[in-house]
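**Student:** Letter by letter, the chains look like this.
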Amino acid sequence: MTTVADSRVGLPPKRAGVGHWLAGFRAMLRWEITNMRLLLPITMMVQLLSGAGLVIGFGLLISDMPEQVALFLSTGAVVITLILVGVVMGPQLVAQQKLDGSYDFMWSLPVPRSASTCAWLVLNVFIAIPGMVGALLVAMWRYDVSFAVSWLVLPAILLTLVCGTLLGYAMAHSIPKPEITQLLTQFLIFAIFGFSPISYPAENLPGWLAELHEYLPFAHMANVVRDALTDGIAVDVGRSYIVLVAWTLLAAGLSGLVLGRRK
Amino acid sequence: MADDWVFRTVDVSKAYGETTANDRISIEVHPGEVYGLLGPNGAGKSTLVKQIIGLLKPDSGSITLGPFDLVDDPDAARQLCSYLPQAQMPIESFKIREAVHVTGLIRGGEDAAVRRRGEELIAALQLGEWAGTLGAKLSGGVRRLTGFIMATVWPGKIVILDEPTNDVDPLRRRLLWEQVRQLGSLGAAVILVTHNVMEAEKSVDRLAVINEGRLIAEGTPSSLKAEDRGRLRLELMLEPGAPTPDLPEFVRHDARVGNNLVMVIDEASATAGIEWSQRMMESAGAEEYALAATTLEDVYIRLTGHTSEEPR
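Going down the list, the protein sequences come from chains D and C.
First residue of the first sequence? That's 118 in our numbering, and the numbers climb one at a time after it.
First residue of the second sequence? That's 118 in our numbering, and the numbers climb one at a time after it.
Take the hints with a grain of salt, since some may be wrong.
A few chain D residues that face chain C, going by a derived Cβ cut-off under 10 Å, partial list only [what the hints assert, rightly or not]:
hint: 1; residue: P129
hint: 2; residue: A144
hint: 3; residue: L156
hint: 4; residue: G218
hint: 5; residue: Y220
hint: 6; residue: D221
hint: 7; residue: P227
hint: 8; residue: P229
hint: 9; residue: L374
hint: 10; residue: R378
Just so you have them, the derived chain D footprint on chain C, three or more residues with Cβ under 8 Å [stated by the list, open to error]:
hint: 11; stretch: 175-186
hint: 12; stretch: 204-213
hint: 13; stretch: 222-233
hint: 14; stretch: 324-336
hint: 15; stretch: 379-385
Source of the hints: derived by calculation from the structure; they are not laboratory data.
Where is the CB? At the ideal position from N, CA and C, for every residue including glycine.
With the hints as extra help, turn the sequences into a complete structure.
**Tutor:** Structure follows, in structure tokens:
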């Protein structure tokens with residue numbers, strides 16, 4: 118008869134350990150990539166256009182831009198595209214799963230929660246790269262600036278992406294009503310774009326908001342990415358890394374808590 | 118069969134605030150068995166299922182499969198149970214073959230064996246024609262069957278199927294029930310969640326009726342029908358909007374769904390029932406009537422006060 122019959126008489130032992138984790142991670146990554154297949158080209162295109170669009174848009178606001186300002190703004194654009202992937206697009210995908218009823222099926226699958234989360238992170242990294250590269254290339258072409266890319270570019274960008282993605286992930290999974298998640302992501306676009314010192318210095322904000330951003334991750338994301346791409350614009354980068362690592366750990370802990378929790 | 122485990126829920130209770138979704142539900146399911154979970158919408162079936170697969174935690178009570186405590190160990194629950202939800206599977210971007218294959222891998226199957234078993238199921242349910250088609254382009258019925266294959270390509274010991282035949286055509290329904298039966302020979306037990314009593318009557322070994330969070334009856338279909346032996350079902354179709362007429366004394370129990378009045382009477386009252394129905398057609402706005410043998414549906418109506426065809 119069927120091929121699984123002989124091996125599946127009696128109760129199997131519980132699967133655990135590194136092999137089980139890796140197999141789950143590989144299979145979930147395959148699921149996530151196939152799942153995004155129809156949307157992936159258009160999502161990457163939108164990322165690319167928003168990255169490039171931001172850089173060009175800044176140029177419309179300020180004519181005759183000095184090089185330092187151009188560097189500041191275009192690295193800000195890079196950071197915004199990275200943040201938007203994690204805290205806006207990701208949560209909206211989770212909300213969609215809750216709306217169409219597939220959420221329960223996905224979480225009934227026998228994959229360690231951390232393996233599913235890592236597959237999700239890898240997918241987000243893939244999606245974010247074109248927008249980031251696009252923003253940088255457009256800035257070089259439009260403002261004739263040159264970036265000083267250091268080896269820190271990899272940790273800076275990964276930390277920014279992972280921190281943002283995990284924050285969005287924890288948020289989307291902990292809010293039961295997907296409609297609320299969708300509203301909140303709309304608000305976050307507004308708050309991050311308009312009221313976070315990413316593409317402008319914190320001094321431009323009212324004192325209390327500037328102070329608040331000392332503890333929120335967004336300004337620090339801009340600082341570490343800027344440090345990795347330019348010379349002499351970013352300051353106090355060590356502190357930024359510390360704040361970001363703390364937020365990443367917090368978001369990972371929250372995600373673990375939310376995903377492990379059964380109501 | 119070398120399988121000697123038992124799946125048990127003992128006194129499982131779960132409340133959402135003031136609402137009791139499950140009230141001390143105890144069931145027992147054995148390997149090879151197809152066990153029906155019947156009940157009207159909102160009876161608490163889904164809540165019970167979500168506790169079994171580790172998505173919800175019972176307020177009290179235990180859920181075990183052999184030596185595994187599924188409440189304490191939701192990871193084990195997910196490995197041991199496969200689940201076909203009532204909602205369609207999220208496979209817009211997947212070809213049938215891919216969705217089946219990846220799910221089998223996620224469920225811990227070995228690559229070549231998953232592929233083989235997937236192809237067998239695709240052939241058995243006659244889906245070969247669409248095996249390379251994207252989910253977004255499939256009809257509801259074909260997607261439903263694909264979901265069934267995804268849930269059973271590498272089945273756990275407990276396979277939970279929530280309304281598996283929704284949207285499925287009659288021919289493939291029959292093929293699907295054959296595959297449900299085959300799961301037993303793989304050492305699995307099937308928990309069939311449904312509101313379709315007629316279908317359940319034909320396909321389950323035992324069943325539980327759940328209403329308002331409580332298990333109100335359990336047994337084989339024929340043992341549940343025993344009380345209705347020697348009784349008949351009398352159905353009266355009323356004109357749209359007509360009020361329910363006063364019922365004669367020989368009606369044992371009744372339920373109205375839309376314009377359809379379903380009653381159970383003793384065989385001895387058959388003639389009286391026909392005469393009464395004819396009078397209703399002349400004077401009380403009845404359009405037609407039918408007298409038939411009782412089915413599990415009538416038991417279900419007696420127990421729950423609902424018919425299984427009420428809008429969900």
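**Student:** Do three or more residues of the stretch 204-213 of chain C come closer than 8 Å to chain D, measuring C-beta to C-beta?
**Tutor:** Satisfied; 7 residues make the cut.
**Student:** Counting residues of the stretch 222-233 of chain C whose CB is closer than 8 Å to a CB in chain D, do you get three or more?
**Tutor:** holds (count 7)
**Student:** Taking the least C-beta to C-beta distance, is D/D221 closer than 10 Å to chain C?
**Tutor:** holds, 5 Å
**Student:** Is the interface hint for D/P229 satisfied, with its Cβ closer than 10 Å to some Cβ of chain C?
**Tutor:** holds, 7 Å
**Student:** Interface hint check: D/A144, Cβ to nearest Cβ on chain C, cutoff 10 Å. Holds or violated?
**Tutor:** Holds, about 4 Å.
**Student:** Would the hint on D/G218 be counted as holding, given a Cβ-Cβ threshold of 10 Å to chain C?
**Tutor:** holds, 3 Å
**Student:** How about the stretch 175-186 of chain C: do at least three of its residues have a C-beta closer than 8 Å to a C-beta of chain D?
**Tutor:** holds (count 4)
**Student:** At a threshold of 10 Å, is the proposed contact between D/L374 and chain C supported by beta-carbon distances?
**Tutor:** At 14 Å from the nearest chain C Cβ, D/L374 fails the 10 Å test, so the hint is violated.
**Student:** Just to make sure I understand the rule, a stretch counts as covered if three or more of its residues have a C-beta closer than 8 Å to a C-beta of the chain. Does the stretch 379-385 of chain C meet that for chain D?
**Tutor:** Answer violated; 0 residues pass the 8 Å Cβ test.
**Student:** Under 10 Å, Cβ to Cβ, is where D/R378 needs to be relative to chain C, so tell me if that hint holds or is violated.
**Tutor:** holds, 9 Å
**Student:** Min Cβ distance, D/L156 to chain C: is it shorter than 10 Å?
**Tutor:** This hint holds: D/L156 lies near chain C, its Cβ roughly 7 Å from the closest one there, short of 10 Å.
**Student:** How does the stretch 324-336 of chain C fare against chain D when you require at least three residues with a CB closer than 8 Å, holds or violated?
**Tutor:** Contact hint for the stretch 324-336 of chain C vs chain D: violated, 0 residues under 8 Å.
Hints 9, 14, 15 from the list above are not met by this structure, while the remaining hints are.
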